[in-house]
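**Q** Sequence:
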Amino acid sequence: MDDTDRKLMLLMFEDPRMPVRELARRLGISRQAVHHHMQTLKKAGVFREIKAAVSSYYLDGVPVMVWGRSRATSVDTVLESLGETEFTTRVTVAGGNELFIFAYLRKISDLAKYVDFVRNAGEMPETTVGFPCYGDGINPIFYDGGRRRESYRKLSALDLKVIASLQEDARKPIADIAKDIGVSRRTVKRLMERMKTEGLLEFDSPWDIPSREEMVTIVSVTLKKDANNVKSAKRLLLTDPIHFIYIRAFGNLPSFLLGLISSDRMTEIRNILKAIREDEDVLAVIPNLIYFEREYNPWCTSWSPEVVDLLRPRMRP
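Every letter in the sequence shown is one number past the one before it in the numbering used here, and letter 159, counting from 1, is 160.
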């Protein structure tokens, strides 16, 4: 990957449906060049089709992360076991068998049981639990995942048809969506703009970590006691906007940040880590190289009868 590839991926994180024309303008290259970069990344297995779903917030889902070191002798067995629940969305495996488990719970009362499940299935006697902060303005909108609202507009049957059309390819052209569901392009455009504004749509990640040729490092950052985690995180991202992909704050861990660095050169990773360590608000930094990731199909991204039943009370007649 070169810097144009990385910038392209960052723009896709910012808006997974950003038109090719806008991507070309932001990158300073032609539309043909954008298509070429996309195809090259797809062939390499780095860039994948982006999928859309009803926002987990709309379904009242509760995002949570659990991480710790696994004592298991077989990571593959652990990954299979961690998928035996409707809550797990993704598991990232880093050096020393350190696992980072991402999940969406149906309700906060599921937390204790889920954490016990992770400890047993992952053979992780010691774990840390974090509630990711979204809507704090640290990362692009895609990574922020929207913001939980007090109430949401009821989804219509037409809304659900649009989302279903985007389920396997969130970059599907407006004209193709209109053809799929039998309405005008203007209607589809209006519906999608409204759903995006209201936080009813959710997209998955456009990149595949295991297929990348470069090194991806997860970074645990401990801040000083009186540091403002949002301000600190924004400042840290500016150390290298191309290779420092994102950084996450947690509502229950005010002095902790978790970031992701991607580069094919160790020198760049070291420079970023050095800049983080030298920041006035940083107390400690622990990097760990990611070498595998597995995704699952949780309850909130499926179109199971149970999820459809959850949507029905919110749908217009």
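Just so you know, the hints here were simulated from the structure itself, not pulled from any lab data.
The model shown is predicted, which means the values in this text are computed figures rather than measured ones.
For every residue, glycine included, the Cβ atom is placed at its ideal position computed from N, Cα and C.
Among these hints, one or two may not hold up.
Stated by the list, open to error - Label pairs and their calculated CB-CB ranges: (1) E81 <-> E281: 42 to 48 Å; (2) D16 <-> R266: 24 to 30 Å; (3) S157 <-> M19: 21 to 27 Å; (4) S31 <-> R278: 24 to 30 Å; (5) E215 <-> D16: 19 to 25 Å; (6) E215 <-> H36: 20 to 26 Å; (7) A285 <-> V21: 40 to 46 Å; (8) G29 <-> K114: 29 to 35 Å; (9) T74 <-> V184: 52 to 58 Å; (10) K190 <-> R70: 29 to 35 Å; (11) I243 <-> N298: 27 to 33 Å; (12) D16 <-> V231: 37 to 43 Å; (13) K114 <-> H37: 47 to 53 Å; (14) T41 <-> K108: 42 to 48 Å.
**Q** The structure should be examined with respect to each hint, and the outcome stated for every one.
**A** Hint by hint, here is what the structure shows:
no. : hint                      : verdict
1   : E81 <-> E281: 42 to 48 Å  : holds, 44 Å
2   : D16 <-> R266: 24 to 30 Å  : holds, 28 Å
3   : S157 <-> M19: 21 to 27 Å  : holds, 26 Å
4   : S31 <-> R278: 24 to 30 Å  : violated, 40 Å
5   : E215 <-> D16: 19 to 25 Å  : holds, 23 Å
6   : E215 <-> H36: 20 to 26 Å  : holds, 22 Å
7   : A285 <-> V21: 40 to 46 Å  : holds, 43 Å
8   : G29 <-> K114: 29 to 35 Å  : violated, 51 Å
9   : T74 <-> V184: 52 to 58 Å  : holds, 55 Å
10  : K190 <-> R70: 29 to 35 Å  : violated, 48 Å
11  : I243 <-> N298: 27 to 33 Å : holds, 32 Å
12  : D16 <-> V231: 37 to 43 Å  : violated, 22 Å
13  : K114 <-> H37: 47 to 53 Å  : holds, 49 Å
14  : T41 <-> K108: 42 to 48 Å  : holds, 43 Å
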